[in-house]
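Peer 1: Listed below are the residues making up each chain.
2 protein chains.
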Amino acid sequence: MKLWTRFKTAHGRFGFGVLQNDQILEYRGDMFAHPLPTGATIALTAVELLPPCEPTKIVALWNNYHALGAKLGKSAPVHPLFLIKPASSLAGPGETIRRPQAYAGKIVYEGELGIVIGKRATNVSVEAAKDYILGYTIVNDVTAAELIEQDPNFAQWTRAKGCDTFGCIGPVIAQGFDWREGAVVTRLDGVERQNYPLADMIFNPWEQVSRISQDMTLLPGDVIAVGTSIGVGSMKEGATVEVSIEGIGTLTNRMG
Amino acid sequence: MKLWTRFKTAHGRFGFGVLQNDQILEYRGDMFAHPLPTGATIALTAVELLPPCEPTKIVALWNNYHALGAKLGKSAPVHPLFLIKPASSLAGPGETIRRPQAYAGKIVYEGELGIVIGKRATNVSVEAAKDYILGYTIVNDVTAAELIEQDPNFAQWTRAKGCDTFGCIGPVIAQGFDWREGAVVTRLDGVERQNYPLADMIFNPWEQVSRISQDMTLLPGDVIAVGTSIGVGSMKEGATVEVSIEGIGTLTNRMG
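Going down the list, the protein sequences come from chains X and B.
So for the first sequence, UniProt numbering puts the first residue at 1; every next one is plus one.
So for the second sequence, UniProt numbering puts the first residue at 1; every next one is plus one.
What the hints contain is simulated information worked out from the structure, not anything from laboratory work.
Heads up, some of the hints might be wrong.
What the hints assert, rightly or not - For the chain B half of the interface with chain X, some residues (derived, Cβ under 7 Å), not all of them:
| hint | residue |
| --- | --- |
| 1 | 16 |
| 2 | 56 |
| 3 | 57 |
| 4 | 66 |
| 5 | 77 |
| 6 | 87 |
| 7 | 123 |
| 8 | 125 |
| 9 | 127 |
| 10 | 158 |
| 11 | 159 |
| 12 | 216 |
| 13 | 217 |
| 14 | 220 |
Note that the Cβ used here is the ideal one computed from N, Cα and C, for glycine as well.
Okay, chain X solo, but in the shape it has when bound (with noise of 0.2 Å):
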């Protein structure tokens, strides 16, 4: 399994490379078309590590997992629900989350996983899917809670979800993961407080590609964060939560 960070140095230099253990091989060209391994490597602790793609959507899922939705006591879709998250909403592996100056409501974590798409994806078949999947990552997909329902005649996901520092993501990507073995947990403060398998999600990630690729173009560097499951809860200034997947890592952001 290969792990593509993105970094910067101490002297403000961007770079991208693979993880291993501490130190990161750095590689150049572009992460998504044969990158090619500079000889170079750095210290992790040399860097800060920044969200591991630069998406120019984040596409993300309702009601995607059966325990949740039976739960809201929700049918399941015939199709994936999605809102979009706006490129400005992202942050990376260790970012600060901010509340927006004009909303003093209930602010919640959402742990999930994020599938990374690798080229563009037009009308993709299921069987197809794999192959425009670079890897996964991991998603805080925060949301306002409190802004959804504000409105009685238009519910307001893409509000509630896509303030600034409300989509982070990280800290790698992940290529050659097995999502049907893996297990989201989210820890608030270092008390776990979701804990699902990935086995349950309603549409699986190949089908997700496929449906949301005819429905509209994903880029290189998209990311699709495939809904969440159980266990969601509030987050108070202050607050550390850390989403881990087994293979990938574990993801964390604080509130500020």
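Fit chain B to the given chain X structure using the hints.
Peer 2: Chain B only, in chain X's frame:
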């Protein structure tokens, strides 16, 4: 009033400039940061017009006109209601609107004013909002109408409006345009279907930029589609939709 345009020459060169009658006065640099005239003039007939900017997101409003809200029996919202059309949905003037392969239902046009953001906007006041607007364009907010209510639990606004070629914008960005006097006129195959005053907006452009910038950072070139009013209707294959706003021009797209 300055009319900014982006274009591609017959030789495949990209450029931008100011439209003056049937000529483009070419500029260089960054359209959003003190561009400079090159001195060159290019005949409009010699180029293909592109979308006048490259938004990272199109923020598209729903229920933002008193007349349409009244007709639909919807109360006026207390905050702009919006979804995001992704960059992948962008189409320029003259570009063909394509039906998604997997969707056989009704596709509708929605003629709208578009606000083009001129500089990075976060938590901007209503008073200052004007300074963050480069100018105005025209939007055809194309929608796969039957997808919206397909799921009983989740209105699929993003999916219905996010398809490739469903974000038609252009032909230019009009700098100095006064929206208070304007009207949107939409013609389907030459027959007028929409004709409504911009002054009927619930949230005016300055309020929109202010409010939305409190939810998420708006970037140079981002577009806010301010919503549509009465007269939305179905487009069939082969139909031509022209959306006109005096002072900006006419955005023409044909459905392929």
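Peer 1: Each hint: holds or not?
Peer 2: Here is what the structure says about each hint:
Because the closest C-beta pair between residue 16(B) and chain X is about 21 Å apart, greater than 7 Å, the hint is violated. A distance limit of 7 Å between C-beta atoms decides the matter here; for residue 56(B) the minimum to chain X is near 5 Å, and the interface restraint holds. With a least beta-carbon distance of about 4 Å to chain X, the hint placing residue 57(B) at the interface is held under the 7 Å criterion. Checking residue 66(B) against chain X by beta carbon gives a least distance of about 15 Å; that is not within 7 Å, so the hint is violated.
Look at residue 77(B): its Cβ gets to within about 5 Å of chain X, closer than 7 Å, so that hint holds up. For residue 87(B), the suggested interface contact is upheld, since its CB lies about 5 Å from the closest CB of chain X, less than 7 Å. Because the smallest distance between the Cβ of residue 123(B) and any Cβ of chain X comes to about 5 Å, under 7 Å, the interface hint for this residue holds. Interface hint at residue 125(B): violated, since its Cβ lies 11 Å from the closest Cβ of chain X, which is beyond the 7 Å cut-off.
Contact between residue 127(B) and chain X, as hinted, is not supported at the beta carbon level, the nearest pair being about 16 Å apart and thus beyond 7 Å. Checking residue 158(B) against chain X: minimum C-beta separation of about 5 Å stays under 7 Å; hint holds. Against a cut-off of 7 Å between C-beta atoms, the interface hint on residue 159(B) holds, since the closest Cβ of chain X lies about 5 Å away. Interface restraint check: residue 216(B) against chain X, minimum CB-CB distance 5 Å, threshold 7 Å, status holds.
At about 5 Å, the closest approach between the beta carbon of residue 217(B) and any beta carbon in chain X falls short of 7 Å, and the interface hint on this residue holds. For residue 220(B), the interface hint is violated, the least distance from its beta-carbon to any beta-carbon of chain X being 12 Å, above 7 Å.
Of the numbered hints given earlier, the model fails hints 1, 4, 8, 9 and 14; all others are met.
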